[in-house]
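Whole structure, please, built from the sequences with the hints as guidance.
Chains as they are written, first to last, in our numbering: chain V, 1 to 106; chain Z, 1 to 409.
Certain hints may be false.
Derived coverage of chain V by chain Z (criterion: at least 3 residues anywhere in the stretch with Cβ under 8 Å from a Cβ of chain Z; other residues may be distant) [said to hold, decoys possible]:
| hint | segment |
| --- | --- |
| 1 | 58 to 66 |
| 2 | 71 to 80 |
Below, computed lysine-lysine pairings styled on DSS-like, alpha-carbon distance capped at 25 Å [what the hints assert, rightly or not]:
| hint | chain 1 | residue 1 | chain 2 | residue 2 |
| --- | --- | --- | --- | --- |
| 3 | V | K47 | V | K83 |
| 4 | V | K48 | V | K26 |
| 5 | Z | K3 | Z | K68 |
| 6 | V | K75 | Z | K3 |
| 7 | Z | K3 | V | K48 |
| 8 | Z | K3 | V | K83 |
| 9 | V | K47 | Z | K3 |
Chain Z is nowhere near these chain V residues, computed Cβ spacing over 12 Å in every case [claimed, not checked]:
| hint | residue |
| --- | --- |
| 10 | S13 |
| 11 | N15 |
| 12 | G32 |
| 13 | T35 |
| 14 | S41 |
| 15 | T54 |
Think of the hints as simulated: they come from the structure by calculation, not from any bench.
Just so you know, these numbers come straight off a predicted model, no measurement behind them.
Virtual Cβ for every residue (Gly too), placed ideally from N, Cα, C.
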Amino acid sequence: MANNFSDAQVTISDNSLTDIATASNKTMCIGGTLTNNHTASIDVTLKKYDSSATTDFPILTTVPLPSGSALEIPKIVLQTSDKIKAQSSHASGHLTVALNLLTDIA
Amino acid sequence: MAKYLGNRPTAVPLTSADIQDGVITAADLGANSVDSSELVDGSIDTSHIGAAQVTADKTSGVIRPNAKPLFINGDMAVAQRATAATTITHAAYNTIDRWSQNFTANTMVFTAERSTTVPSGQGFGYSWKIDCTTAEASLAATSRLMLYTRLEGQDCQLLKFGTASAETITLSFWVRSNKTGTYQVNLWNSTLSAYISSTYAISSGDTWEKKVLTFVGDQNTALANTNASAIQPEFVLVGGGNYTGGTMVANTTTTYPSYVTNTRAANQGVNLADSTSNDFYITGVQLEVGEYTSSTIPPFQHESFGDNFARCQRYYQYEDGGLGNSGRSHSMAGMDMPITITRTFPVEMRAAPSVTIGSNNIRDDSDSVISPNINQVEKSSWWYGVKKTGSSNEDYGVQVSNIAFASEL
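As structure tokens, this is what we get:
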């Protein structure tokens, strides 16, 4: 199977844990950003959902993100049906998540 | 790891819980990176300071290593004039050395004494007790009772009054009274005849409480560098209508305004003369250069009684002793000439003192009173002469006692 590059962009508008991407097969998140669109600092959380364990594992937990700044997301390996989720501390979200994915990894 | 792109957060400073012991060393701190604004009161105590880490060159000029307390007899230990209850009068030193009072009364009468009622566990043996023995519940306008001590100007130059660097002063004392409420304290710049004021509250009756008050230095007028009075804290206990009605001069006023009568007890909430049940105790009075709080004020500097006594003798000395077998005696036998006796004070006095001679203080060898003839009194010595009368070649002697020398401020 040939590898493919893909991406996912989600703007979060509440403070719930939100699915950003779901792996349809073995996938690697090779980079991405969490961007604060608000005029004040927000706290951001990033989790990887392990489908085999049916558990969310934290990658970043309530990390302060100043206004106008972004956090660079590290590489994350995803198995089939694993997910990347993000959450803002702000009731209106003000958080944009952009992921760069390498999919269809054999 | 995730990296910040753009601003790092600044709104979430580290707390002490975020920093483990040893994480930050001196090498991690830039020059001047930590100053007083980063330190909260009480954050550094003795457990955080290693032996020899603070040396003299790291202390500020407001600390006076090895210096004696600015106030003399703040522990009320020396009472050369009297220790028992003595009726107080205006500007008179009745009991405790170096401590007097401004006093004007209509009917009120107070006594003062050296009391053994002291705050427990503080190392004091005595306090100064002021007791109302005749009340004046409705004060006359002129009635007042204000306790004070005075410091010479030449001892106060370190306060740098009259400059932009004038030091803030911290006054600390232990106080107790059955009469709860607000009391006013004035800090006089005697050179200028001006003062600023602060207040304290006695919140529990008949309970010792420690009070700490600060007063900024006067940046406008320097203290005269002489042996005259310059700094005078004044503790208000009674203030009649002449002394109230104005607006109290705040203790943060850097240019002391000239004396205005109706501010002197403006915020005094207590009339200590309103009942003969009232009394007032004070001890452990100290004056520190610099601004301190109740948690940072240095401990009272306890002097030996001897050192304290000697410092008091600069302002008052008393020669006592019974005339029968003691006192200071001088005699000459078979002489027919005047004798002059010079006495040197054990401590040089502030200025040439006034002399108060007790009765029967100079006698001849037959114990007959003769008139003293004090020829001269200087601040370091005095001398007197007597001339024999009667037949020649008889033994002749004099005894001296009950003579007081005062050069109070």
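Comparing the hints with the structure gives:
no. : hint          : verdict
1   : 58 to 66      : holds (count 6)
2   : 71 to 80      : holds (count 4)
3   : V:K47 x V:K83 : holds, 8 Å
4   : V:K48 x V:K26 : holds, 14 Å
5   : Z:K3 x Z:K68  : violated, 59 Å
6   : V:K75 x Z:K3  : holds, 12 Å
7   : Z:K3 x V:K48  : holds, 18 Å
8   : Z:K3 x V:K83  : holds, 21 Å
9   : V:K47 x Z:K3  : holds, 16 Å
10  : S13           : holds, 21 Å
11  : N15           : holds, 18 Å
12  : G32           : violated, 10 Å
13  : T35           : violated, 8 Å
14  : S41           : violated, 5 Å
15  : T54           : holds, 25 Å
In this structure, the hints that do not hold are numbers 5, 12, 13 and 14, in rising order.
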